[in-house]
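A.B. asks: Full structure from sequences and hints, please.
First to last, the protein sequences are chains A and B. Counting in our numbering, the first sequence runs from 1 upward without gaps. Counting in our numbering, the second sequence runs from 1 upward without gaps.
Mixed in with the good hints, there may be bad ones.
If chains are identical, the list can't say which one is meant, so a pair holds when it fits in one copy or spans any two.
[To be verified] Cross-link-like lysine to any residue pairs, in silico, SDA-like; alpha carbons within 20 Å at most:
{"#": "1", "residue 1": "K170", "residue 2": "T212"}
{"#": "2", "residue 1": "K170", "residue 2": "I213"}
{"#": "3", "residue 1": "K170", "residue 2": "P90"}
{"#": "4", "residue 1": "K135", "residue 2": "V41"}
{"#": "5", "residue 1": "K227", "residue 2": "E173"}
{"#": "6", "residue 1": "K170", "residue 2": "S181"}
{"#": "7", "residue 1": "K170", "residue 2": "L89"}
Calculated from the structure, these hints are not laboratory results. Predicted, not measured: the structure shown is a model, and the values here were computed from it.
Number of protein chains: 2
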Amino acid sequence: MNLSRSQTEPVNGMVCRRSEASTAGSFCQNCVVRTRAFCAVLDDDALARLDQSHTIVNLDSEDGLFMEGDDATSFFTVLSGALRLSKLLPDGRRQITGFVLPGEFVGLSAGDTYVDNAEALTEASLCRFTVSDLKRIGQDNPEMDSQMLAMTNNTLTQARDHMLLLGRMKAPEKIASFLTSLLDRASAADQPTDPLALPMSRADIADYLGLTIETVSRTFTRLKADKIIALPEHNRVSVNNMEALVQLAEG
Amino acid sequence: MNLSRSQTEPVNGMVCRRSEASTAGSFCQNCVVRTRAFCAVLDDDALARLDQSHTIVNLDSEDGLFMEGDDATSFFTVLSGALRLSKLLPDGRRQITGFVLPGEFVGLSAGDTYVDNAEALTEASLCRFTVSDLKRIGQDNPEMDSQMLAMTNNTLTQARDHMLLLGRMKAPEKIASFLTSLLDRASAADQPTDPLALPMSRADIADYLGLTIETVSRTFTRLKADKIIALPEHNRVSVNNMEALVQLAEG
DNA sequence: CGTTAGCTTGATTTTCATCAATACTCGTGG
DNA sequence: CCACGAGTATTGATGAAAATCAAGCTAACG
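C.D. replies: Laid out in structure tokens, this is it:
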């Protein structure tokens with residue numbers, strides 16, 4: 001498909017092989033996330049303008065996209081793969097604040113710098129716009145803001161659910177809750193649920209759930225001992241007792 | 001296990017002394033939060049329409065406004081006072097997901113029911129709209145969605161900061177961080193910062209920070225023993241050593 | 001194969017929750 | 001005005017959950 005010049009560029013000290021290619025032609029109409037992304041509500045005219053101003057970005061697993069504090073000049077829609085968003089304390093403690101999946105966007109900032117770090121969890125491709133282009137297009141297409149508001153509101157709802165998990169759940173509940181939400185997403189995206197793929201490392205899971213890797217590991221083995229799940233591989237889970245898992249996940 | 005944190009009132013069925021009055025005349029132009037609320041961007045025409053469709057709601061401290069699962073038919077802007085948003089686990093564990101201050105709004109839901117509980121932290125007055133009125137007005141005033149997007153984005157940023165606190169900070173860091181953010185807000189709102197008022201109970205602080213009331217209390221006394229703060233009253237704090245407090249708050 | 005990064009398991013310590021008692025605050029009625 | 005009582009906050013003793021420290025695994029890759 002589209003060939004791109006691949007380059008290794010340090011982004012703020014972060015080494016990432018990130019390839020970019022400007023696109024010719026009318027990709028937007030045939031975009032894989034056409035029906036789900038913020039641009040789903042745009043008419044053909046606006047889509048044509050988007051086609052002018054977007055760029056495709058390809059990331060390898062673990063590549064950084066942007067960092068907290070960088071100038072927020074770009075805005076991205078995820079086409080494929082997944083990103084993680086994280087925040088750090090000065091001494092290195094990390095909290096993953098969310099995962100970004102195909103159709104969702106990242107990089108919309110309240111101020112003029114990004115407020116978190118975005119990195120690729122897997123290989124990923126993204127559709128990139130400059131914030132100024134986006135604003136321009138948005139002004140002529142008010143339904144875009146309304147769509148983005150709805151999507152942001154969804155993200156906020158998830159964030160609040162996650163606060164309940166972080167502040168009030170115990171380790172087994174956190175893990176169970178994590179697994180059920182992965183299961184939901186996988187089945188929503190027509191991906192296999194048995195075994196379920198865990199696309200992220202134990203460290204990522206730990207930093208997402210507010211635990212250590214040791215506790216994550218121990219909790220998995222405990223759930224396994226309790227016959228609630230099985231771990232055919234480190235990165236695959238299959239659920240034996242869904243009742244019990246859901247029970248735990250609810251708190 | 002204590003199931004009920006607010007023993008005073010049966011919350012189910014929303015027992016609350018809540019007074020409503022439909023408004024005559026053109027309040028919107030003179031509204032106390034005119035320059036800060038989502039309606040700040042509206043023109044006179046739209047304001048006139050808002051005047052038609054809004055209602056004032058007055059809440060006493062601890063009154064409930066809505067509960068998780070209720071039909072999300074109304075939308076509110078806080079005029080004065082403060083609300084808390086919370087989520088519950090089935091066994092009663094509670095997480096406060098945020099506080100809502102004058103100028104901010106509550107009740108915008110991704111789906112058709114509310115996703116959290118909203119209660120008055122202090123006496124409060126709110127401006128109420130039906131969601132359908134709001135949508136109608138929004139369709140003719142696209143800048144409204146854009147303003148609401150910006151405000152929601154701000155809230156999302158706060159939510160993510162709070163996830164870092166909940167998942168990765170220790171009790172003294174949580175308390176210090178809580179105090180510095182209260183100080184910031186108080187000074188932004190031209191309210192006294194020394195002593196700083198704590199408008200919420202220990203239970204609210206605990207449920208906001210993911211701690212127990214005992215740990216909150218002990219942490220306050222420890223900060224006091226370390227001469228970082230003083231507690232002239234239970235609900236007032238004054239900071240003796242701002243350096244140290246900020247140091248702690250940063251992690 | 002050997003090396004390494006990631007994962008698991010075990011022993012110990014730390015932090016915070018829980019349980020329990022005591023003190024403070026404020027409103028009410030004697 | 002004081003005494004009482006309910007609600008709220010503090011303090012203390014103990015326990016449990018999870019973090020930390022420290023080896024061992026396991027699997028992927030040269």
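A.B. asks: State for each hint whether it applies.
C.D. replies: Tested hints:
no.: 1; hint: K170 <-> T212; verdict: both (13 Å within a copy, 14 Å between copies)
no.: 2; hint: K170 <-> I213; verdict: both (15 Å within a copy, 18 Å between copies)
no.: 3; hint: K170 <-> P90; verdict: between (26 Å within a copy, 14 Å between copies)
no.: 4; hint: K135 <-> V41; verdict: both (15 Å within a copy, 17 Å between copies)
no.: 5; hint: K227 <-> E173; verdict: within (16 Å within a copy, 38 Å between copies)
no.: 6; hint: K170 <-> S181; verdict: within (16 Å within a copy, 27 Å between copies)
no.: 7; hint: K170 <-> L89; verdict: between (23 Å within a copy, 12 Å between copies)
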